Amino acid sequence: MKATDPVCGMEIDEETAVATRSRDAGDLYFCSSSCASRFDEKGAGCPADEAPDREEEAGRGEYRALMRKFRFSAGISVPVVLLSYPWLFPGLRDVPWLARGSDGLLWTWRGFGVLTLPVLIWGGSQFYRGLWAAAKSRSANMHTLIGVGIAAAWAYSTVAVMWPGIFPEADLAEVYYDVTAVVTALVVLGLALEVKAKGRTSEALRKLIGLQAKTARVVRDGVELDVPMEEVAVGDLVLVRPGEKIPVDGTVIVGASAVDESMITGESIPAEKVAGDEVIGATINKTGSFRFRATKVGKDTALANIIRMVQDAQGSKAPIQRTVDRVSGYFVPGVMILGILAFMVWYNFGPAPVAAYAVIAFVTVLIIACPCALGLATPTSLTVGIGKGAQNGILIRSGDALQTAERLDAIVLDKTGTITVGKPSLTDVVARELGNEEVLRLAAAVERASEHPLAEAIVQGARDRGIALTEPEDFQAIPGRGVEATVEGRQVVLGNLKLMRERGVHADGLEADAEALAAAGKTPMYVAVDGRAAGIVACADTVKEDSRSAIARLKEHGLEVAMITGDNRRTAEAIAREVGVDRILAEVLPQDKAHEVRKLQLEGKTVAMVGDGINDAPALAQADMGIAIGTGTDVAMEASDVTLISGSLRGVVTAIDVSRATMRNVHQNLFGAFVYNTAGLPIAAGLLYPVFGILLSPLLAAAAMAFSSLTVVSNANRLRRFRAVEV
Amino acid sequence: MLDNVIVTLVGLALLGGIAWFFWGPRRGGFRAAVASSGYQEAMVLVKGGYAPDTIIVRAGKPVRLSFRREESSACSEMVVFGDFGKSAKLPEGELVPVELPPAKPGTYEFTCQMGMLRGRLVVEV
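From first to last, the protein sequence lines are chains A and B.
Residue 0 is where the first sequence starts when you use numbering that gives the first Met the number 0, and the numbers rise one by one after that.
Residue 0 is where the second sequence starts when you use numbering that gives the first Met the number 0, and the numbers rise one by one after that.
One thing to keep in mind: the hints can contain errors.
Dumping the calculated SDA-like pairs for lysine to any residue here, alpha-carbon to alpha-carbon at most 20 Å [unchecked claim]: (1) Lys135/A with Gly28/B; (2) Lys46/B with Ala57/A; (3) Lys85/B with Asp399/A; (4) Lys46/B with Ala134/A; (5) Lys135/A with Pro51/B; (6) Lys135/A with Leu14/B; (7) Lys135/A with Arg117/B; (8) Lys295/A with Met308/A; (9) Lys46/B with Gly58/A; (10) Lys298/A with Glu98/B; (11) Lys85/B with Thr322/A; (12) Lys206/A with Ser261/A; (13) Lys295/A with Thr214/A; (14) Lys46/B with Lys206/A; (15) Lys46/B with Ser124/A; (16) Lys135/A with Gly333/A; (17) Lys85/B with Arg325/A; (18) Lys604/A with Glu555/A; (19) Lys135/A with Glu69/B; (20) Lys135/A with Glu108/B; (21) Lys554/A with Asp529/A; (22) Lys298/A with Val95/B; (23) Lys135/A with Gly15/B; (24) Lys46/B with Tyr127/A; (25) Lys135/A with Ala50/B.
If you're looking for bench data, these hints aren't it; they were derived computationally from the structure.
The structure displayed is predicted, hence computed values, not measured ones.
The following block holds chain A by itself, in its conformation from the complex (with noise of 0.2 Å):
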């Protein structure tokens, strides 16, 4: 048998674990010994639970190693920076023992040889810890290329002011170590504020774990117990007080309530909750009690999926990265090469001290480049976009489909469910002498006794009106027809005009109502008491409240909007103009739905599908993006690429509005980091030198490089802000 260790997560063979613990809800297996200490420690349950405040600890950990290096480094490099050049600070040029040329100067430089070296070794470790691991692969990095360049500084520095006889002019003798020792600082630096730049990105995910219960309160056996989380089992019931997080998801047993699902769903409403309704796990209950049983525990539960689905996502790739990558791959080697032959160039032909120009050429171009800058221009981006979308109920799965989002032409909503709520309800009274009142009331009598879903509707409609009903008598249902019973001694009968006729009934002067009822997509259906026409009662299924404006967003994106049902062209018609589509593909069997989303993508259209079920499924995976809708469960996640987990249109605005707003953001780090390699690295080898005469200092060089890839982070959090637009 297989089990998974609840520690770490590894899938193992029950026979051979090394460690088995005892729960109510079964035994656990563990893959090691220091797996099953600490879960003895901590207790387990999904390994996300605790992994970012894990995370979290380890970022800070990293940033606080980083800024003592960044501060001894920097407490060094004040006076590396005054004494190497002692002669442009005033009150130090004049200092004899401090003049050029003189013993006491180069025996302070000798004095930074050693005071620099520790800056080198501790303060630059990182680098060559990198440089070694990548070179026992036969690749490089950024740290090769810090490595290097500081490391070549001190080595060119310390051979000038151990045999500054060797040089054949005096000039060449100078030292390099405040570029060693400032270069150090403020990489380190960068990569301090960078770690908590891109603790910040997670921070959706953070909150989304955040989210989860910590103990829940349990019936059992009649009596109520409060249990850790991670006791609480499938059938458990499970009882929640007003202001109480709901625990896990299950359906509700006894009580109403109207319940916060706005963390979930980003649905800001509250929904109302009884007997028999679902409910998400991390949820908040507002008013009312009531018990649940629970279906859904630990990893399976809709958060837990959610949150496994934002990592998975965060951490994939968009195809634009791709041919990054590519890049990235010839970059380091590129820009050492490039180094090397600014030194040849600068050696040969630069003007003298020639030596000096072409260690220091060598070495700004080691230090300007700044793969870092490409490497993370697209992923904190992603991971910023895809957490900000799951906030507001919206699950990307993957960066393909925040690209696809970019460029879509045309999108097909669904009908049945998308556009409308899904189910029919009452929307016409007209009444002959009874009055509309009474009409409804007999009618909705007589339909109590049916399970039809029009029925349903007819007797919620005079419910909502506050009409008490009467029970009916001999009900009989006609298939295919209408139904009919005994109301208070009166015959009812309800049903199309073919009942009427083999009723006798004369519809006279209702059939043309009828019809303008069903040209405007709606079901009418005739009422007869004792064997007169009375009235008739129209059922629809009706558009949820902000289809209208959210199509309208849509339009204004440039997207063309088309309809998909298999209602009658009359009926889609109607809807159609109702809500402002502008493309009607009616009478198409679920079948056929993926066919018409192909027949869109042939005219060359890249084309969104929007669907709440799982017969949508085939022309979801059609389209080039597929939107699920009103969903938590796997089989839809599964079949989309996009998941949103309210019911409402406004989310299909707002996922296109996150994707956008984050592929945006893509195109402005990867731009700037591209301009900033490619316009960096020829200025630092000294392009600009034969014409203005500039040969850029490594110290700039590498307060750029340092700043370079913090200005894509910053840039990623800029994406933090992102608000859905109300519509």
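Starting from the known structure of chain A, fit chain B onto it as the hints suggest.
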């Protein structure tokens, strides 16, 4: 004049050396063993790079690579298998298994999120 010749020759030698070191032919790699579970398994240490950085597996059998990150540098906190659409967070000091479906023969790269650390999964016939 002699120094110019020496600098040029050493420079050219370094250029050639860099090109060979990074882009020259590579041999070897770690051959994953087939475990009783049916997976071809290998452990990968993450410390400034991936060790081993080349893992050789047979086509048609699922692969499980267990990553263990032994450093706090943020660079390596995630491993991404772009060709398989898979990624995993690598908390420091923990064994994180990444399971991959059977693949066709070829070379598949895995990298850190920024593409700085690189490894290869070589699928042989």
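Okay, the hints, checked on the actual structure:
Taken as a hint, the lysine 135/A and glycine 28/B pair is honoured in the structure, with Cα atoms around 13 Å apart against an allowance of 20 Å. Pair hint lysine 46/B plus alanine 57/A holds up; C-alpha atoms about 15 Å apart against a cutoff of 20 Å. Pair hint lysine 85/B plus aspartate 399/A holds up; C-alpha atoms about 13 Å apart against a cutoff of 20 Å. For the hint linking lysine 46/B to alanine 134/A, the alpha-carbon distance of about 12 Å falls within 20 Å, and the restraint holds.
Using a Cα cut-off of 20 Å, the hinted pair lysine 135/A and proline 51/B holds, with the two alpha carbons roughly 10 Å apart. A threshold of 20 Å between alpha carbons decides the hint, and for lysine 135/A with leucine 14/B the separation of about 19 Å falls inside it, so the pair holds. With a C-alpha separation of about 12 Å, the suggested pairing of lysine 135/A with arginine 117/B holds against the 20 Å cut-off. Taking the CA atoms of lysine 295/A and methionine 308/A, the gap is near 17 Å; set against the 20 Å cutoff, the hint holds.
Distance restraint check for lysine 46/B and glycine 58/A: the Cα-Cα separation of roughly 16 Å lies within the 20 Å cut-off, and the hinted pair is therefore satisfied. Taken as a hint, the lysine 298/A and glutamate 98/B pair is honoured in the structure, with Cα atoms around 19 Å apart against an allowance of 20 Å. About 18 Å separates the Cα atoms of lysine 85/B and threonine 322/A, which keeps this hinted pair within 20 Å; it holds. Annotation: proposed proximity of lysine 206/A to serine 261/A holds, straight-line Cα distance about 13 Å (limit 20 Å).
The hinted pair formed by lysine 295/A and threonine 214/A meets the criterion: a straight-line CA distance of about 15 Å does not exceed 20 Å. With a C-alpha separation of about 30 Å, the suggested pairing of lysine 46/B with lysine 206/A is violated against the 20 Å cut-off. For a cut-off of 20 Å, the pair hint linking lysine 46/B to serine 124/A stands: about 14 Å separates their Cα positions. Between lysine 135/A and glycine 333/A the alpha-carbon distance is near 19 Å, which keeps this suggested pair within the 20 Å criterion.
Taking the CA atoms of lysine 85/B and arginine 325/A, the gap is near 18 Å; set against the 20 Å cutoff, the hint holds. Our distance criterion of 20 Å between C-alpha atoms is met by lysine 604/A and glutamate 555/A, whose separation comes to about 17 Å. Simply put, lysine 135/A and glutamate 69/B have alpha-carbon atoms about 16 Å apart, close enough for the 20 Å limit, and the pair holds. For the given pair, lysine 135/A sits about 17 Å from glutamate 108/B by alpha-carbon distance, which is consistent with the 20 Å threshold.
A threshold of 20 Å between alpha carbons decides the hint, and for lysine 554/A with aspartate 529/A the separation of about 52 Å lies outside it, so the pair is violated. Restraint check for lysine 298/A and valine 95/B: satisfied, since their Cα atoms lie roughly 17 Å apart, inside the 20 Å limit. Restraint check for lysine 135/A and glycine 15/B: the C-alpha separation of about 19 Å stays at or below 20 Å, so the hint holds. For the proposed pair lysine 46/B and tyrosine 127/A, the alpha carbon gap of about 12 Å is at most 20 Å, so the pair holds.
Using a Cα cut-off of 20 Å, the hinted pair lysine 135/A and alanine 50/B holds, with the two alpha carbons roughly 9 Å apart.
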